[in-house]
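S.K.: Listed below, chain by chain, are the residues.
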Amino acid sequence: MKYVLIAAAAFVAAPLSAQNQDLGQPIPEGGEVETIEEGEGLSGSVSFEGNLDDLGIAIPGFATDRDVETPASASGTAALGKELARVITSDLRNNGLFKPTGPDALPQPSFGEITAPNWPTWSNRGAEMLVHGYVRGRSDDRLTVGCYLYDMVLQQELVREGWVVQPADWRRAAHKCADLIYSRLTGESPFFDSRIAYIAETGPKDNRSKRLAIMDSDGANHRFITTGRSTALTPRYSPDYRKLSYLSYVDGNPRIYVYDIGTGRQTLVTQSANPTFAPRWSPDGRWLLYSMAVNGNTDIYRVSAKGGEPVRLTDTPGIDIGGSYSPDGSRIVFESDRSGAQQCYVMNADGSNQRRISFGGSRCATPEWSPRGDQIAFTNASSFNISVMTPSGGNVRTLTNGWQDEAPTWAPNGRIIQFFRTERNSGKTSLWQVDLTGDNLRELPTPVDASDPAWGPILP
Amino acid sequence: MNIRAATGLMLASTIALAACQKKAPEELPPPPVETATPTPTAPPAGPSVGSQAHFVDAVGQANTVVYFGTDRFNIDTEDQTKLQRQAQYFSQHPQVSFTIEGHADERGTRDYNLALGERRANAAKNYLVSIGIPANRIRTVSYGKERPVALGSNESAWAQNRRAATVTIN
Chain A
1 MKYVLIAAAA FVAAPLSAQN QDLGQPIPEG GEVETIEEGE GLSGSVSFEG NLDDLGIAIP
61 GFATDRDVET PASASGTAAL GKELARVITS DLRNNGLFKP TGPDALPQPS FGEITAPNWP
121 TWSNRGAEML VHGYVRGRSD DRLTVGCYLY DMVLQQELVR EGWVVQPADW RRAAHKCADL
181 IYSRLTGESP FFDSRIAYIA ETGPKDNRSK RLAIMDSDGA NHRFITTGRS TALTPRYSPD
241 YRKLSYLSYV DGNPRIYVYD IGTGRQTLVT QSANPTFAPR WSPDGRWLLY SMAVNGNTDI
301 YRVSAKGGEP VRLTDTPGID IGGSYSPDGS RIVFESDRSG AQQCYVMNAD GSNQRRISFG
361 GSRCATPEWS PRGDQIAFTN ASSFNISVMT PSGGNVRTLT NGWQDEAPTW APNGRIIQFF
421 RTERNSGKTS LWQVDLTGDN LRELPTPVDA SDPAWGPILP
Chain B
1 MNIRAATGLM LASTIALAAC QKKAPEELPP PPVETATPTP TAPPAGPSVG SQAHFVDAVG
61 QANTVVYFGT DRFNIDTEDQ TKLQRQAQYF SQHPQVSFTI EGHADERGTR DYNLALGERR
121 ANAAKNYLVS IGIPANRIRT VSYGKERPVA LGSNESAWAQ NRRAATVTIN
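Protein sequence lines, in the order shown, are assigned to chains A and B.
So that you can map any letter, position 172 of the first sequence is 172 in the numbering used here, and since no number is skipped, the others follow by simple counting.
So that you can map any letter, position 30 of the second sequence is 30 in the numbering used here, and since no number is skipped, the others follow by simple counting.
Derived from the structure by calculation, the hints contain no laboratory data.
Ideal Cβ positions, reconstructed from N, Cα and C, are used throughout, including at glycine.
One or more hints might be untrue.
Claimed, not checked - Reference excerpt, derived from the structure (chain A facing chain B, CB under 10 Å, subset only):
(1) D151
(2) I321
(3) Y325
(4) R331
(5) E335
(6) R363
Bound conformation, chain A alone:
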């Protein structure tokens, strides 16, 4: 039997029109973000030694040299400067990071003060850290955004960076500034400048409309990809954000498609009459895992993202499904009921050396390897809570306690886990996230009910 990833135009079994009939208008691809070197910031140590949760950060509006019109804001660059500071403040506050104070409660620094803060203005405001920034409209319509972090006690600059962005990408500059502050103060990797793919749900429990949707990590720039005519499930962003793989019933059967965000076209992951489920990308984007049922028996397959002959990685009777690569791409954690109930297993990327890692007495489902490599998040499918364990199955910790929580997905830096929660009886769903420590549990606002979140890596 032959399975080939083929172009939609060449697809025979279902016509192109049928495959595309659930797709909305293609969405424009994001622009490039250019990082500019602004000279070495001072790299002295941070003076603050308390709990980072108590660290006060003042984030006044970003200054502009000249208030000019910009496609990014109807009110010009000065108003945009305040908006940038609001986005940074929300990023930090909503994730329970530090004690930020936003631009609406602070005086506005002048453009000249961005590199030379007027220290007396900022003292006695309960802030140990000060963020300054500027936004400048360029003749080519793009924006230059600079971001500076100062230590109030030392009266010293801790870090600075600047970016040139398309007007439509102005929020990315704010997220990059939030990432810069977060990384400088915690030593952790960034995560704000990233996107989430998920399933938007509407309608009654027995006739639910499920649409593929995407949004920024803070919920902004929300877009629907599919129209809702067909059920869409379980999306995953390719690591370069150029493609989305997801399950669709567009031809009446559950099948995995690869949707090209730039062209708006999609292809079947494999040319087979069999149902396919649970798409997963390798961290380098070169491979795609999918699960396929043949005569009721589901196994995991790997296919090159460029197409070609798929390789079957599992071959036991029962349901082997899902799969999540270790960050170095050498191993895959997956779910199998070969023992009689759902449990988590690890294998080499070629399918060899399969061994069970979960022995806690509960069912282990939807394992996801942390981008840091040190943890595996999974659904405890006995109690329906989100849990984490080490890659060898040790040190199991339960992080949530909803009626039904499932499908963990990691923030790009491996510090936060997102998942979806289903409400008993009503079946209403919502996206939630929680720190790896189990703290800062919160619901993410979405326009309608939401499930199957997939958090992508830091944007390229």
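Could you slot chain B onto chain A? The hints should help.
M.R.: Showing chain B alone in chain A's frame:
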């Protein structure tokens, strides 16, 4: 089991069914007591042969769906009785093709439930094939936990949703 072996197995069972077909009537339950006897070309007002209404009238609504235990996909004797009743209909109307829809209850993870629904649909299909219905007349589709019929979050609702439902293709 590799794909080739699985395909071989399917072929084997398709061949075996020719032999089974003769024996099958002995295993069938007594003739249905329901009023819905096979009505040969009834008045024009009645449902046409092969429509879902015609199928339901003939076998009885209760016999169109088989149910499963949590995480289970075995065909028990009650299921066999129902599927035998369905097989009778499909033997009488060899031109009718049909879909078996596999479903799971909401108390499972999304991907696993899709695979579980597929396994249940195939279990029902394999039984029908084993008693003489050609595999090429049977399509399977899994809806996982996406299409519940009972909307509560309790054991009785979940039991109704763990099912394989037979639907004719018009």
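S.K.: For every hint, state whether the structure bears it out.
M.R.: A quick look at each hint next to the structure:
1. The restraint placing D151 of chain A at the interface with chain B is violated, with a minimum CB-CB distance near 46 Å, outside the 10 Å limit.
2. A distance limit of 10 Å between C-beta atoms decides the matter here; for I321 of chain A the minimum to chain B is near 5 Å, and the interface restraint holds.
3. Nearest Cβ of chain B to the Cβ of Y325 of chain A: about 16 Å, over the 10 Å cut. The hint is violated.
4. A distance limit of 10 Å between C-beta atoms decides the matter here; for R331 of chain A the minimum to chain B is near 20 Å, and the interface restraint is violated.
5. Because the closest C-beta pair between E335 of chain A and chain B is about 7 Å apart, less than 10 Å, the hint holds.
6. For R363 of chain A, the suggested interface contact is upheld, since its CB lies about 9 Å from the closest CB of chain B, less than 10 Å.
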